[in-house]
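Enquirer: Chains as they are written, first to last, in our numbering: chain A, 1 to 375; chain B, 1001 to 1566.
Heads up, some of the hints might be wrong.
With a straight-line Cα cutoff of 30 Å, these simulated BS3-like cross-link-like pairs (lysine-lysine) come out [stated by the list, open to error]: (1) B:Lys1491 x A:Lys85; (2) A:Lys124 x B:Lys1307; (3) A:Lys85 x A:Lys231; (4) A:Lys85 x A:Lys135; (5) A:Lys124 x A:Lys85; (6) A:Lys323 x A:Lys341.
Since the hints were made in silico from the structure, they are not lab data.
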Amino acid sequence: MPTASQPVAQAQKAEYIVEVSDLVVAYGAVVAVDGVSFRIKAGEFLTLLGPSGCGKTTILRSIAGLERPTSGEIRVGGRVVYSSKEGIDIPAEHRNMSMVFQSYAIWPHLTAFENVVFGLRVRKRPQEEIERQGKWALDLVQMQQYAQRPASALSGGQQQRIALARAVAFSPDVILFDEPLSNLDANLRAQMRHEIKALQEALGVTSIYVTHDQEEALTMSDRIIVMSGGKIQQIASPDELYNLPANSFVANFIGSANLVAGRVDAASRAGELVDFVANDGSRIRAIDPRSSSAEHMLAVRAVYPTLSAKAAQAAAPNQWPCKVLRSTFSGDFVEYLVETKWGQIVVRRPPTERLAAGDEAVLTIDPQHCVVVDR
Amino acid sequence: MGTSFVNRLRRELSFQQLVAYAALLIVVLLVLYPMLYLVEVALRISPANEPARYGLDNFALVFSERNVDTIFNTIVLAVVSTVIAIPCGFVAAWIVFRTDVPGRWLFERLLILPYYVTPLVPALAWLALASPRAGLINQIGFALGLSDSIVNVSSLTGIAVVMAFTGAAVAFVIIGGAMQLLNPSLEECAQVFGASKRQTLMRVTVPLMRPAILSASIFVLAEGLGAFAEPLILGATGNIQTISTRIYLLAGSYPPAYGEAAALGISLLLIIVPLMYVYFKLLDKRDFTTVTGKAYRARGIETRQSKSGLLTMITLYTLVAVVLPVLMLLVNSFQRLSTVYFSTKVWTFNNYVETLSSPDVIASLTNSLILGVTTATTGIVLMGFVVWLIYRSPLPRSIGRFVEYVVMVPIAVPRLVFAFGLLWAWLQFPGKMYGTLVLLWLAYMTVFLPIGVRTIASVVFQLDKSLEEAAKVSGAGRLYQLRRITVPLLKPGLIAAWILLFIVSVRELGASILLVGPNSKVISPSIVEAYQVIGREQAATLAIIQLVVLLVAMILMLRFTKTAQT
């Protein structure tokens, strides 16, 4: 993946900056994180994505040292910061990390500048360095004119910027982001998303980002870990996650997908291509990149199929006559519910092509966009 | 149909306004009528049975050597006890609400105890523990061959320390409340950014708690300036008087020096009122940005190596400030003679038998319970109306503000001073109010206005307005809505408020002691009377009986506040 080779500010000894192995976090009988392992390369932007309660925040807090895991091991920069086997649990303040909190956690009794240089002050750095780094960090987020403002007098967006400046000011090994944009309104959120990404790329600092917002995850990340029920569902780049979801949960959670029940006909395999047999016996040509053995479903993203008034070429693969059941105008696209012989699917088309409910049409789906997934 | 609707609306509005004005009138009368009479008697230079003449003679008496001494003592006691109480209360609150020290649940309940019992309990207990010659601690010292007493609770410092134990409980409640509202990510953030526990405490927690610390300081200081029970019990041997005990003495002397007492009371107000002004300004400016709805703290701050040190510290403090005094009183209540410990012949159940068979004691217990129930019940109704008057009434907003301030006046007026005004006011009034339970009830309704109104207001504000609006939208009538939605939702909170009013009524001393008559005795003044007339053992017995009643009420209240929160 080309995205993983960003320039790295400081020389890193270990190839992987953060390594999480067999992490389990349980509260009594409730298992919040259930045996999770992953590794992050230096300079990588990794996102933990999942619905609320999936354990993503717990993992982040465990890495930060704010939560004590039940078992497993966490290494940061090659150093073990937590290990249940060796009985190691380095306190949060000695892990040299920084974090952007969901509630910003801007200290209201300090000025913007003092918030930003907090990490340097507690590390007892020389005054000259504090001044320089503080100014540099405030410049990065274009907040220099607010330096002496009391933090409680800043707006939500400004507090978010200060939280960001504070996170980078003392050159931490890793920045942890705990749903930092969820308290902002939609416009500001989009803007801050770009700013965080630009900042991260410019500084090349390793980042772990927790969110439940798939758009944030897809636009910002080098790699995404999709979580559900305390377990990892898939680790992949945004592109792969979208186009080749590993299972029905990922297909459903990211973007909007149609799921078709059926089975793979192993005899038809040609490379990655196989025939997927729907429950009515129809054959759909599909790709099966993982040639998985579990129970199968077919995932078809709503944006990929095409609808035309009549068949383009005779006998193209994956072409079926269909009937439009419902047509819903949504501005950027029109959503159709169409019925084929093997079932109903949702198709999104640009508003330039318009079909009405009751119209007969031909549905075409490229086999590359029919993905066999685990149930 | 249109006109009938308008008529109905008009009728309802005027009825609401009528109720609002009635509540306004009651509050103003309750609070301001006694205050006016306090000023009147302070300015009056003719005896009570002669035509009134006015002058400043009484205020000249304030500057007599005796009174200047008293004012000096009052200020020293208040300042010293505050200086001790605030750090104790802060550290205790930090350990209980912010760390992972074990047993926090138990410490929390024990540490608030002094807040709910009368200051008579620590006063009597510490007299038995640490009076210069007969106190248990000093007796042990002498037995070990020491020639001088180790501790002297009858000194200014001694009294201040005993006052500080109660003050620390108040500080614990105020600062602890603020700490529980503090967004934990503010501390966690400091930790992630590399701050040690000590740095986090000093650079983040303490500065963020500054408003709470300041308001606790002012509150404890004002309470200290009005302190009565501790100097009354402990100051007797060393002849240490405070303004409150002096007013009590002057009002009870023959002939009663009402003018001088009132002038002293007003000079005390001149110290407290500016303090209270600052206190309320602070409350108004309270910064809510540190308060969030999302409380995310699976575990307290990990104290690791310092855990055992902190645990020892808070255990010792709780033992000395809370457990030891109660145990001491318990021991005293089973003794024939409370100063003799090292003999097996002293133990007896007689104190309880005698106390509980005394008609006087039974009468004062009954009266206290009657007053507690009456004050709590009528208080909930009146204070409920006052809350409505302040926040939701049809009257102009400025009237609401005015009522809000009037209601808070009793905080600034030491109860004894207030009762003194009330006493004088009703002595002037035709009819036989003096020496009846009705007068005590009036006093309680007034002095508990601030605590009652604040408690009920917080209960009401917990209720999301949209719940009521949802009922309204779905077509529920006003009464139906009140009966089916508002009251059931508020019930646990209102029951807790009721019990709180019951508790503060049953333990009340400062106002009661001036207003009780031969036929209207209540329990706290009876403890003082038992101490002064019969003996410490009986006083201890009575205090234990009162403590048991209060503890039962307290446990009930905690149960209801817990369900109110969930």
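Enquirer: Decide, hint by hint, whether the structure agrees.
Expert: Now for the hints, and whether the structure bears them out:
{"no.": "1", "hint": "B:Lys1491 x A:Lys85", "result": "violated (51 Å)"}
{"no.": "2", "hint": "A:Lys124 x B:Lys1307", "result": "holds (26 Å)"}
{"no.": "3", "hint": "A:Lys85 x A:Lys231", "result": "holds (21 Å)"}
{"no.": "4", "hint": "A:Lys85 x A:Lys135", "result": "violated (43 Å)"}
{"no.": "5", "hint": "A:Lys124 x A:Lys85", "result": "violated (34 Å)"}
{"no.": "6", "hint": "A:Lys323 x A:Lys341", "result": "holds (10 Å)"}
Of the numbered hints listed earlier, those contradicted by the structure are 1, 4 and 5.
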